[in-house]
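The lines below spell out each chain.
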Amino acid sequence: AQSVSQHNHHVILSEAASLELGCNYSYGGTVNLFWYVQYPGQHLQLLLKYFSGDPLVKGIKGFEAEFIKSKFSFNLRKPSVQWSDTAEYFCAVKGNRDDKIIFGKGTRLHILP
Amino acid sequence: NAGVTQTPKFRVLKTGQSMTLLCAQDMNHEYMYWYRQDPGMGLRLIHYSVGEGTTAKGEVPDGYNVSRLKKQNFLLGLESAAPSQTSVYFCASSYSTGTRYNQPQHFGDGTRLSIL
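One line per chain: the protein sequences are A and B, in this order.
The letter at position 82 of the first sequence is residue 75 when you use the working numbering, and the numbering goes up by one with no holes.
The letter at position 39 of the second sequence is residue 202 when you use the working numbering, and the numbering goes up by one with no holes.
Bound conformation, chain A alone (with noise of 0.2 angstroms):
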């Protein structure tokens, strides 16, 4: 069966420090994957999505993601983050052929000013 584990599921930086998200998945066939984050009060957005290619994708608002098909991981990177990316992040996967997508757990992000 399909699953997501986010490691973290809080985490607490202070502004222009660099950010991994970590997210590994059980699947045993081609994968979409997807991160998505929720602002305080607000519906999940789209911030990345790999569906084949280049393994290094870049997303929205200077976040990337590298998936790694070895180790089943589909971690969020960013360089340098800033007091609006509090949030919550959600890894999800998708099996190619499924109708569904299954979410991890959620980390929640608090970024100090």
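By construction, these hints were calculated from the structure, which means they are not laboratory data.
There are no misleading hints in this set.
A few chain A residues facing chain B, derived, Cβ under 8 angstroms:
#1 L37
#2 F83
#3 D92
#4 K93
#5 K98
#6 G99
Where is the CB? At the ideal position from N, CA and C, for every residue including glycine.
Given chain A, work out where chain B should sit, using these hints.
Just chain B, lined up with the frame of chain A:
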């Protein structure tokens, strides 16, 4: 172009009452989904639909029913509300065909439901 619209945004129910949450999308998406979001649990899929007239169970379907009579609408019903159903409910939609098969989901703003 409103995207995905959920109504109502907030609701308080008493145990045993029934209600229906409405999700409407204007993007001509084939697939629609209902999730519930609870602290520390992420998003859990309740039911989903791959097209008009079809529905399927997700991860946590018990206590909920759904209907997709029109392509643009996906209704989530609670026949007899229970306190355990207190949650934030999100609807999402996506394409499913051709090169758009693996497009990401678009989410509504959520419905905050409290069951007393």
